[in-house]
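These protein sequences, in sequence, are chains A and B. The opening residue of the first sequence carries number 11 in this note's numbering; numbering runs sequentially from there. The opening residue of the second sequence carries number 11 in this note's numbering; numbering runs sequentially from there.
Hints listed in this document are in silico derivations from the structure and should not be mistaken for laboratory results. Treat the hints with caution; some may be incorrect.
[Said to hold, decoys possible] Calculated pairs, SDA-like style, for lysine to any residue (alpha carbon to alpha carbon, straight line, at most 20 Å): (1) B:K245 <-> A:S117; (2) B:K118 <-> A:G44; (3) B:K245 <-> A:P119; (4) A:K221 <-> B:K118; (5) B:K263 <-> B:D324; (6) A:K221 <-> B:G171.
[Stated by the list, open to error] Stretch by stretch, here's where chain A covers chain B in the computed footprint (C-beta under 8 Å, at least three residues): (7) 69-77; (8) 93-104; (9) 111-120; (10) 134-143; (11) 322-336.
[Unchecked claim] Calculated Cβ distances over 12 Å to all of chain A for the following chain B residues: (12) P190; (13) N291; (14) F292.
Note that beta-carbon positions come from the ideal geometry of N, C-alpha and C, so glycine has one too.
2 protein chains.
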Amino acid sequence: MQLKNRSQILRLSALGVGLPKNIVLSTDIDKATGNELGYTEKLSHIKQRYYVVDESASDLACIAVNDALSQSDVSLNEIGCLISGSGTMEQAVPYNAAKIHAQLDFSKPVPSFDVNMTCLSALRAIELGTVLLTSGGYKNILVVSSEIASAGIRWSDEETGPLFGDGSAALILSRESGRPFKVLASHFETHSEGVGYAQVRGGGTLLPPSKISGSYKDYGLFEMRGKDSLRLVNKVLTTFLDTLFKKSGVRLKDINWIVPHQASFLGLEYLRKKLEISTDNFINIISTHGNQIAASIPFALHNLLQSRDVKGGDRILLFGTSAGLSIGGLVVEFL
Amino acid sequence: MQLKNRSQILRLSALGVGLPKNIVLSTDIDKATGNELGYTEKLSHIKQRYYVVDESASDLACIAVNDALSQSDVSLNEIGCLISGSGTMEQAVPYNAAKIHAQLDFSKPVPSFDVNMTCLSALRAIELGTVLLTSGGYKNILVVSSEIASAGIRWSDEETGPLFGDGSAALILSRESGRPFKVLASHFETHSEGVGYAQVRGGGTLLPPSKISGSYKDYGLFEMRGKDSLRLVNKVLTTFLDTLFKKSGVRLKDINWIVPHQASFLGLEYLRKKLEISTDNFINIISTHGNQIAASIPFALHNLLQSRDVKGGDRILLFGTSAGLSIGGLVVEFL
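Chain A with its partners taken away, still in its complex shape:
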């Protein structure tokens, strides 16, 4: 989507992150699966990721929210709306944002809702947050993404077992307070011929627990057809990016930083090489965090803002793919 009023200046008041206490090294997975030390890291190119022990997704969300609030001039009671953008649900009913809301000490009945497009949930939630700010009504919007991927990992699957990690991120978007930015363009596409390439079959009304006799475990585990996904992304990527850049009025060479969804090490390297971006300008945190589902893009953005010198005038491409199969991107300019 191309915003009508492209001159609209918004502000990023703060960006916080949350992690479980428990670090899981790839050598821990080697030991648990009876493999030679080094096998899992060689397979996944991931050194470590974080798994919850006793933290819930809303617990993790609140760590990120409090981290963001601690850096922000906007207080909790100046928040006008809470949007949760996660690819996983904490429970089937109610929605994630209500559970997060219940842990925050709002003195007003701040509205809340969830946005879900699996791994792109947070990116779409950020985009909707900017649209809701520009359309009036809200002055400050809190966008939170919190994922517990470890709950649905199929250990016997070497492709996805070591890939995922838990974590959260929270942004405070504001009309008045914080670092100014413009959204130059946003663009999303759903290529649903790939709808079955990544799924958790259970947890909903298609294969409800009430209709399944015996164990339900397998219905809650993640299944992926990785090669089919990559083939479809490869097929649609160039046209997608051309459209996004055309909408934005800038070209790839005008982009200073790329913040991709941390899909997989190989996926990230494929993208980086295809776009001919140096490793310094391309945020890759998968080796230390794994794929944190929808939290991965704002978590990687946090890494960019913490570790690099992002200047006024710099343009950032936030980009990813998700189960669905969907593909999406935002081109943002910091002022």
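Once you have looked at the hints, place chain B on chain A.
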């Protein structure tokens, strides 16, 4: 939220609905539960509802979408974005809109995402659809809500067992084609002190199937503390409505039609009497459809537009409460 540009005229191109083939009479439930004929209807004030046999939530969604498309000047390939607003997931991954997208014959990779705030999902999705239309980018947006409540019913609970029904609704919102309307105001609040009053504990990362030994059935069933919910709604309703009407610039006496979420017969009657609205101006379809979760508001709106003479200048209050606990409303004026 008060839209900045209140003069913005949008259009409702079409509104369609979908129902499962299978009607379940309250006398069928009497027979199945071994009660005297008439007991379930006396208890619930519901004569019948619809339950799926072999239809999925996305199947039901597509019935409503095709119903809407058959009445619309907008064709499927003129749709710019698909938003699914449902309180239940079809499966944990991917999201509902992708599954619906996969059943529709789009010739373009139309973007899609889910909005969830349980029973208010469709209302918030409609509101976001209008905001996305007014902010540019999209010319036509398809909003779909499809719910299979029957998958999570706890039969032993006389309060909720007979209450719910399955069904779907789809709206095509447009900038150019269809019946013109204005959104005078929208307002949502989350009162998360009631977060535990209505829930399905399982289906997500809090009590994931992978961590539960033996049967998972109970984790997928709906649980409600009805009296606590009503008490909280009663406490916040007047202030909520005052705020919504203040934002809209019109008062309750200027409202011609009320389209409420079909929460329960007693809840509807409580609301109708509190607002002093005649039965003719207050849409109540619970006795024939049950509570269709988020699909209930657009389904009831469909009933209004089919059965009453809604004229230019008429104002409609779309209103409901949801697990979370959230409360929300839209004041719309047809032109």
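Handout entry: Hints not upheld, ascending by number
Key = 2, 4 and 7
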